[in-house]
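Given the coordinates of chain A, work out where chains B, C and D should sit on it, guided by the hints.
Quick note, the sequences are listed as chains A, B, C and D, same order. Numbering-wise, the working numbering puts 62 at position 59 of the first sequence, and it's gapless, one number per residue. Numbering-wise, the working numbering puts 19 at position 16 of the second sequence, and it's gapless, one number per residue. Numbering-wise, the working numbering puts 24 at position 21 of the third sequence, and it's gapless, one number per residue. Numbering-wise, the working numbering puts 53 at position 50 of the fourth sequence, and it's gapless, one number per residue.
If you are wondering where the hints come from, they were derived from the structure by calculation, not from laboratory data. There could be a bad hint or two in this list.
Straight-line Cα separation of at most 25 angstroms, PhoX-like style, residue types lysine-lysine; simulated pairs [said to hold, decoys possible]:
{"id": "1", "chain 1": "B", "residue 1": "Lys54", "chain 2": "C", "residue 2": "Lys107"}
{"id": "2", "chain 1": "B", "residue 1": "Lys52", "chain 2": "C", "residue 2": "Lys7"}
{"id": "3", "chain 1": "A", "residue 1": "Lys95", "chain 2": "B", "residue 2": "Lys7"}
{"id": "4", "chain 1": "C", "residue 1": "Lys54", "chain 2": "D", "residue 2": "Lys95"}
{"id": "5", "chain 1": "B", "residue 1": "Lys7", "chain 2": "A", "residue 2": "Lys54"}
{"id": "6", "chain 1": "B", "residue 1": "Lys52", "chain 2": "C", "residue 2": "Lys107"}
{"id": "7", "chain 1": "C", "residue 1": "Lys95", "chain 2": "D", "residue 2": "Lys95"}
{"id": "8", "chain 1": "B", "residue 1": "Lys107", "chain 2": "A", "residue 2": "Lys7"}
{"id": "9", "chain 1": "B", "residue 1": "Lys107", "chain 2": "C", "residue 2": "Lys54"}
{"id": "10", "chain 1": "D", "residue 1": "Lys7", "chain 2": "D", "residue 2": "Lys95"}
{"id": "11", "chain 1": "D", "residue 1": "Lys107", "chain 2": "C", "residue 2": "Lys7"}
{"id": "12", "chain 1": "D", "residue 1": "Lys54", "chain 2": "C", "residue 2": "Lys7"}
{"id": "13", "chain 1": "D", "residue 1": "Lys107", "chain 2": "C", "residue 2": "Lys95"}
{"id": "14", "chain 1": "B", "residue 1": "Lys107", "chain 2": "B", "residue 2": "Lys7"}
{"id": "15", "chain 1": "A", "residue 1": "Lys107", "chain 2": "D", "residue 2": "Lys54"}
{"id": "16", "chain 1": "D", "residue 1": "Lys95", "chain 2": "D", "residue 2": "Lys107"}
{"id": "17", "chain 1": "C", "residue 1": "Lys107", "chain 2": "D", "residue 2": "Lys7"}
{"id": "18", "chain 1": "D", "residue 1": "Lys54", "chain 2": "A", "residue 2": "Lys95"}
{"id": "19", "chain 1": "B", "residue 1": "Lys107", "chain 2": "C", "residue 2": "Lys7"}
Computed from a prediction, not measured in an experiment: that's the story for all the values here.
Protein chains: 4
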Amino acid sequence: MDFKEAQDRVDRWITSFEEGYWPPLAILARLIEEVGELSREINHQYGSKPKKDGERPAELELEIGDVLFVLVSLANQQGIDLGRAFQRVLDKYERRDRDRWTPKQGAGPSRSA
Amino acid sequence: MDFKEAQDRVDRWITSFEEGYWPPLAILARLIEEVGELSREINHQYGSKPKKDGERPAELELEIGDVLFVLVSLANQQGIDLGRAFQRVLDKYERRDRDRWTPKQGAGPSRSA
Amino acid sequence: MDFKEAQDRVDRWITSFEEGYWPPLAILARLIEEVGELSREINHQYGSKPKKDGERPAELELEIGDVLFVLVSLANQQGIDLGRAFQRVLDKYERRDRDRWTPKQGAGPSRSA
Amino acid sequence: MDFKEAQDRVDRWITSFEEGYWPPLAILARLIEEVGELSREINHQYGSKPKKDGERPAELELEIGDVLFVLVSLANQQGIDLGRAFQRVLDKYERRDRDRWTPKQGAGPSRSA
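Excised from the complex, chain A in its bound form (with noise of 0.2 angstroms):
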């Protein structure tokens, strides 16, 4: 599934009932409640927080999952086009984090590339 698609796909759904979007803060409202979930889950699996007994261990798959929606759903509100943000980032960094950290020996990503 590319981006575009992605965006498709909750756009049908979102738009599909008359409550339609969301105002940006309520979706951001959103993403940090569906944040939060994987926060937990990731303390649960490497942090220091124990399952409460007969609590249900969460799969990291479905809160990204989940996270990743709010995510695709604020783009959408926004008319952003997720893949042009994500190649932006992708810009950004090869052109401002170069040097932040060590490249492995013959290893670093081509300029080209």
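Positioned in the frame of chain A, the structure of chains B, C and D alone reads:
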């Protein structure tokens, strides 16, 4: 760009450096940082927060791209297929949240969609 | 209750267990989880998110208390005096943000306050 | 400083300006922004994120103070007594999470505490 290519691009970038992937809790901390920057910008544009004098407007497109980049990194670090994660979330919504909203007349997504 | 007593109460609780304080990144993950729950509740009450059938209303009072508890834990773990931290922030606002907002006629806080 | 005084100080500050309290979703967005800054600093000190050249070290004390300030604002805007909220959370932990951790020998908090 599709999810798979996005994951590959991020992987090539991160693995070209000695530091490689961060541990999950550090990626999470980074995710929160980027969500915080997105949050500030949404508050500037749609909420109550005025810009400080001389504060540059950030672009929501880039802020959303930054969050997406970290989310892709986390998926990579966890060996999670983002396209599959997204598909599962779409399926969950179609099953679970179907009756949570008000369908538009004759406009609901067909189950075969 | 003052900040000092709040810090002491949390310290007595946490140090009464073998597990003791978590590492900073795990406390942070917990903070995000609690902020996420607060976020969901604010979205229910002031945003766009309807309750699921049978979903209990949470109380903002408790959600805010939960966030505060984790923040106090983090301060304790870091050896930070919360009252001092708060005083410094008040001072910063009085200095830095004085001209960012519109003073009410005759109602601005006096500098000697 | 006690919680009541902290709430009064923030109230005097905010109500001295025409803008007054923000709506809950905007305060929440601000809270996320501050949690994001705290997150970045924790990641710098305890996680994996190096400082950029010339990036000033922030102080966790101030970052925690910033989060606390926004939390106090939210409590004020909601008419919530922070001391009461905190006490209820302490009570909840003593009741609910008592058996979730491993008590130190002879060191558990007495129920009458």
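Status of each hint after checking the structure:
no.: 1; hint: Lys54/B to Lys107/C; verdict: holds, 20 angstroms
no.: 2; hint: Lys52/B to Lys7/C; verdict: violated, 32 angstroms
no.: 3; hint: Lys95/A to Lys7/B; verdict: holds, 20 angstroms
no.: 4; hint: Lys54/C to Lys95/D; verdict: holds, 24 angstroms
no.: 5; hint: Lys7/B to Lys54/A; verdict: violated, 32 angstroms
no.: 6; hint: Lys52/B to Lys107/C; verdict: holds, 18 angstroms
no.: 7; hint: Lys95/C to Lys95/D; verdict: violated, 35 angstroms
no.: 8; hint: Lys107/B to Lys7/A; verdict: holds, 24 angstroms
no.: 9; hint: Lys107/B to Lys54/C; verdict: holds, 20 angstroms
no.: 10; hint: Lys7/D to Lys95/D; verdict: holds, 21 angstroms
no.: 11; hint: Lys107/D to Lys7/C; verdict: holds, 24 angstroms
no.: 12; hint: Lys54/D to Lys7/C; verdict: violated, 32 angstroms
no.: 13; hint: Lys107/D to Lys95/C; verdict: violated, 41 angstroms
no.: 14; hint: Lys107/B to Lys7/B; verdict: violated, 34 angstroms
no.: 15; hint: Lys107/A to Lys54/D; verdict: holds, 20 angstroms
no.: 16; hint: Lys95/D to Lys107/D; verdict: holds, 20 angstroms
no.: 17; hint: Lys107/C to Lys7/D; verdict: holds, 24 angstroms
no.: 18; hint: Lys54/D to Lys95/A; verdict: holds, 17 angstroms
no.: 19; hint: Lys107/B to Lys7/C; verdict: violated, 55 angstroms
When the structure is compared with the earlier hints, violations turn up for hints 2, 5, 7, 12, 13, 14, 19 and for no others.
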